[in-house]
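**Q** Residue numbers (my numbering), protein chains in the order written: chain A, 1 to 261; chain B, 1 to 228.
By construction, these hints were calculated from the structure, which means they are not laboratory data. Each hint should be verified, as a subset may be incorrect.
[Unchecked claim] What follows is a list of derived Cβ distance ranges for each label pair:
| hint | chain 1 | residue 1 | chain 2 | residue 2 | range |
| --- | --- | --- | --- | --- | --- |
| 1 | A | Asn69 | B | Pro78 | 58 to 66 Å |
| 2 | A | Glu117 | B | His123 | 19 to 27 Å |
| 3 | A | Glu173 | B | Phe140 | 19 to 27 Å |
| 4 | B | Thr162 | A | Ser38 | 44 to 52 Å |
| 5 | B | Asp225 | A | Ala259 | 46 to 54 Å |
| 6 | A | Glu65 | B | Phe140 | 24 to 32 Å |
| 7 | A | Asn151 | B | Pro154 | 23 to 31 Å |
| 8 | A | Gly237 | B | Gly116 | 43 to 51 Å |
| 9 | A | Glu65 | B | Thr162 | 54 to 62 Å |
| 10 | B | Arg47 | A | Lys17 | 20 to 28 Å |
| 11 | A | Glu27 | B | Gly218 | 37 to 45 Å |
Every residue gets a Cβ at the ideal spot worked out from N, C-alpha and C, and that includes glycine.
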Amino acid sequence: MAMLEVKHIEKHFGDTKVLNDISFSLEQGDVVSIIGSSGSGKTTLLRCLNFLERADGGSIAVNGETLFNAGDRSAQSDGEIRKRRLHFGLVFQSFNLFPQYTALKNVMLAKELLAREQPDFKRRRKEILNEIEHQARQLLIQMGLADRMSNYPHQLSGGQQQRVAIARALALEPDILCFDEPTSALDPELTGEVLRVIRELAEKKTTMIIVTHEMAFARDVASHVIFMDNGYIVEQGDPVQVIEHPKEERTRQFLAHYAQK
Amino acid sequence: MELFQQQLPIVIHSLNIGFLQTLKLFFVTLIGAIPLGLVIAFGSMSRFKPLSWLSRTIVWIIRGTPLMIQLLIIYYFPGLVLGNNIWGSGEAGRFLASAISFIINYACYFSEIYRGGIQGVPHGQNEAGLVLGMTKRQIFFKVTLLQMIKRIVPPMSNEIITLVKDTSLARIIALQEIIWAGQAFMKGSQGISGAIWPLFFTAVYYLACNGILTILLGRLERRLDYFR
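Whenever a hint applies, use it, and build me the whole structure from the sequences.
**A** Here is the structure:
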């Protein structure tokens, strides 16, 4: 059984259809790269997986549990969705760190708030908070930010901010971590440090879906590549196959355009 | 000079009493307008069209007409329509009418500042909170509120300092605030008449008060300076 099963996802904004019959699946430890030009629906797809948008059709299941089924409106209350979206993490193009908190607190905040819902939180308060802080520190060290924990976001470079954002997403231990063009807002010399961190996560068998324009990175890191155009999946499969020897004319055009740059 | 020395304590005593009324109106207005402004701000941002239309219309009317006219209407209109002055004839009634006019007026200005503050927080902050499993309430209190406050402090400081001076408008309905108290010595009061200097002297009170406010609000602004 696949870990993530996405079936027939449809989405339209008014009359414009932005996602058409999107189906794919991935296994534990897979890294999927989604490539395609702007406006092809990549970001909308990620936003549907994270429930920032509600798909109009199709279903999403993780580990056999149906998280979303467009036909079943009753199971789409805010409270239900809040729990289900924790299966997914999302790293944004624009980082979206909380500016009033230090790097460490950014990583801890959501977990702290969730811990308060545990029945034994009051009794084990100190212990739980210590655990959360320990885990957050470990994550920041893993991201190479050991000496940046007490800095506020505006004191960090873009690459550092994005690494904090990755640690923040990992802190909730999502089943699948999604990246929405994680390096598009960064200077070229800062993209390397973020890509390196994602590569390390791939080596540790973190299940990830990465929307990216970095073709070489997609080819090297991904176990599976999806090429999207105009709201459709045009081609998907082995990264070397799709990127080096695409079957579809549209994929070839897109990649040729990239090679020119 | 000798005359001035005789008059000074009398004038200062009167001005102190007037200034107390000024301060009272100032604080009551703040206490009322700060929360009411939030209600109006949420009203005008509401997705429920009639409510947002109503809120925006009220803001348009209040901001589009002079506060002095609003004071006159609120104080005299009930008397004209109902045939009796609901505010009573004393200072307490005039204060209540002034306070209500000021609260409504300032709440409308505040609401626009709040609206700017709320809409100025990037949408990504809300989305980041959502994907981290926070509730809407947690996102508001833990993420967006402080960012909003940081954005609204400078424009609010401006309005608050303007409010100190605007309280003088309440003398149009004979509220005995500090300018009213100063003016009394022109008409004649406590053996002093034709003296214009007490009126000039009121400026010292406003200046001192706004000096203190500027320092306090500046301090608040600096306390929020640690993040961007």
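**Q** If a hint holds in the structure, say so; if it doesn't, say that too.
**A** Structure-based check of all given hints:
| no. | hint | result |
| --- | --- | --- |
| 1 | Asn69(A) with Pro78(B): 58 to 66 Å | holds, 59 Å |
| 2 | Glu117(A) with His123(B): 19 to 27 Å | holds, 26 Å |
| 3 | Glu173(A) with Phe140(B): 19 to 27 Å | holds, 25 Å |
| 4 | Thr162(B) with Ser38(A): 44 to 52 Å | holds, 47 Å |
| 5 | Asp225(B) with Ala259(A): 46 to 54 Å | holds, 48 Å |
| 6 | Glu65(A) with Phe140(B): 24 to 32 Å | holds, 30 Å |
| 7 | Asn151(A) with Pro154(B): 23 to 31 Å | holds, 25 Å |
| 8 | Gly237(A) with Gly116(B): 43 to 51 Å | holds, 50 Å |
| 9 | Glu65(A) with Thr162(B): 54 to 62 Å | holds, 58 Å |
| 10 | Arg47(B) with Lys17(A): 20 to 28 Å | holds, 25 Å |
| 11 | Glu27(A) with Gly218(B): 37 to 45 Å | violated, 59 Å |
Checked against the numbered hints given earlier, the structure breaks only hint 11 and satisfies all the rest.
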